Amino acid sequence: MDTNLNPTHERETFGARFEINAEFDNFDFKSITSYTDTESDRHTDVDLTQLWFFNTFRPETMEVLTQEFRFSSNSDGPLQWVGGIYLMDFEETMNSFLDFGWIILEADDPSVHVQVPFETRREDKGNLAAFGNVTYETGQWELGLGLRIDRWESEEEAVDIGHSASKDDVEVLPKLSVTRHLSENSMAYLTVSKGFEPGGWVGIADGAPPVYGPNGEKTLAGFDPEEAIQYEFGWKGSSADGRLQATASVFFIDYDNRQFEFIVPNPSGDGTLIDGIENIGDSEQRGLEASLTWRASEYLQIAAAYGYISAEWDDNTILPDGSANLGGQTPPQIIDKSLSLTANFQKPAFSGFDWLANFQLSHNGTMEGGKPSGGTVTNPEFTVLDLQVGLVSDSWELLLNLDNALNEKYYRHEPFPLGFVASLVPSRRKLSSVKRASQNFHSGATPFDKMTFS
Numbered sequence: 003m004d005t006n007l008n009p010t011h012e013r014e015t016f017g018a019r020f021e022i023n024a025e026f027d028n029f030d031f032k033s034i035t036s037y038t039d040t041e042s043d044r045h046t047d048v049d050l051t052q053l054w055f056f057n058t059f060r061p062e063t064m065e066v067l068t069q070e071f072r073f074s075s076n077s078d079g080p081l082q083w084v085g086g087i088y089l090m091d092f093e094e095t096m097n098s099f100l101d102f103g104w105i106i107l108e109a110d111d112p113s114v115h116v117q118v119p120f121e122t123r124r125e126d127k128g129n130l131a132a133f134g135n136v137t138y139e140t141g142q143w144e145l146g147l148g149l150r151i152d153r154w155e156s157e158e159e160a161v162d163i164g165h166s167a168s169k170d171d172v173e174v175l176p177k178l179s180v181t182r183h184l185s186e187n188s189m190a191y192l193t194v195s196k197g198f199e200p201g202g203w204v205g206i207a208d209g210a211p212p213v214y215g216p217n218g219e220k221t222l223a224g225f226d227p228e229e230a231i232q233y234e235f236g237w238k239g240s241s242a243d244g245r246l247q248a249t250a251s252v253f254f255i256d257y258d259n260r261q262f263e264f265i266v267p268n269p270s271g272d273g274t275l276i277d278g279i280e281n282i283g284d285s286e287q288r289g290l291e292a293s294l295t296w297r298a299s300e301y302l303q304i305a306a307a308y309g310y311i312s313a314e315w316d317d318n319t320i321l322p323d324g325s326a327n328l329g330g331q332t333p334p335q336i337i338d339k340s341l342s343l344t345a346n347f348q349k350p351a352f353s354g355f356d357w358l359a360n361f362q363l364s365h366n367g368t369m370e371g372g373k374p375s376g377g378t379v380t381n382p383e384f385t386v387l388d389l390q391v392g393l394v395s396d397s398w399e400l401l402l403n404l405d406n407a408l409n410e411k412y413y414r415h416e417p418f419p420l421g422f423v424a425s426l427v428p429s430r431r432k433l434s435s436v437k438r439a440s441q442n443f444h445s446g447a448t449p450f451d452k453m454t455f456s
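Counting from 3, one number per residue, gives the positions in the sequence shown under the numbering used here.
Just so you know, the hints here were simulated from the structure itself, not pulled from any lab data.
Owing to the predicted nature of the structure, the values given are computational and were not obtained by experimental measurement.
Possibly wrong hints are sitting among the right ones.
What follows is a list of derived Cβ distance ranges for each label pair [said to hold, decoys possible]:
| no. | residue 1 | residue 2 | range |
| --- | --- | --- | --- |
| 1 | Pro176 | Ala250 | 23 to 31 Å |
| 2 | Asn76 | Asp277 | 45 to 53 Å |
| 3 | Leu408 | Ser36 | 37 to 45 Å |
| 4 | Phe26 | Ile151 | 54 to 62 Å |
| 5 | Ala132 | Val252 | 30 to 38 Å |
| 6 | Phe26 | Ala351 | 19 to 27 Å |
| 7 | Leu402 | Asp27 | 50 to 58 Å |
| 8 | Asp39 | Lys339 | 39 to 47 Å |
| 9 | Gly79 | Ala359 | 44 to 52 Å |
| 10 | Glu300 | Leu393 | 16 to 24 Å |
| 11 | Ala132 | Asn28 | 18 to 26 Å |
| 12 | Gln117 | Ala359 | 51 to 59 Å |
| 13 | Asp277 | Asp316 | 22 to 30 Å |
Here a beta-carbon is modelled for each residue, glycine too, at the ideal position from N, C-alpha and C.
Kindly generate the complete structure, drawing on both the sequences and the hints.
Okay, here's the thing in structure tokens:
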């Protein structure tokens, strides 16, 4: 880049996972422990010129520990169950500063610069949950009931000015499922489940006004949990001795107190931006999904999938600052339709090697991003074709990949590392196949059964 400081991002991550499995007469036991430690340093030339106007340096650390103890039935009877405990501890620190150069300081010496704290925070979050799920089969019916009780907590401190706040709450997340086996090769199901995203706090950047409580205590602006109830009705079936498989489902999701990230100019007027999270309001989403997989031969499999989503804010959804009524408008990050077509060919060649050829055609509809009302950034619909050919064995791969064979230009949703606000960036690479635009919610049943939401 044509700047006096090329932007850099250096990140080191250490991760470990330890799993224990044990079988007993009446149940099985599993313990899963995971640990991640990340250090990240980012330098940015904010003014994007050859002049030293001002830069930012954002060192950040993140440490996450999770532990799950899971007990499950191991009998062949009609009653099956799973239950356990899950905990998560998340710690994050940010000690960034603005580095003002000699020009903005109107100094005569080019070596003169001043470093000012910009975003200095310490954040601790945690979850402690008990979960269970029971299913019972009787005739052609299968009934399921799940429950997760989740206690979450969030604590944050704006280190440089001494403002801090903490909150915690308990969420009760049920899940109900009913399955009907229509034949040996088909089934219909209905699921109803509740999920949530915990609340938290918004840090105070340098230049932003401090926040005080009703008694003058130093505190922070907070946001509340987001909750959602999802209803899904679907069908799954197969024929031709399992060579042809199909699925279809419709869903409806009722969101309460939706959380959205915002980016606004710093009130200090220094030209920087500050970001945070706030609750916007309630919305509804509905849609359908369908897929078809055909094993055309011993060596060739063809699959297709389609998804459609319609979403809108509830009536009289007013932005927190009162500037707009979003009622009836489409929330951002909604892809109205998506389609994928894949073909996978693999056949023995020689000496333990297989010929391999893969084809994937993906189409995504229009998506608007940015503000809760959308329209800030528009990603037009696009179609991407990816091809792959080569030889593979148990130990070796020789592959030729052609990504985006049609040379389609489009944007993709790019989350910044360590949870920074996401953006749309230019891309010529493929997106994943059809799926609902999602958020990772804590839901009923096991802690890793994250609800996938539109």
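Check: Checked against the structure, which of the hints given earlier come out wrong?
Finding: 4 and 6
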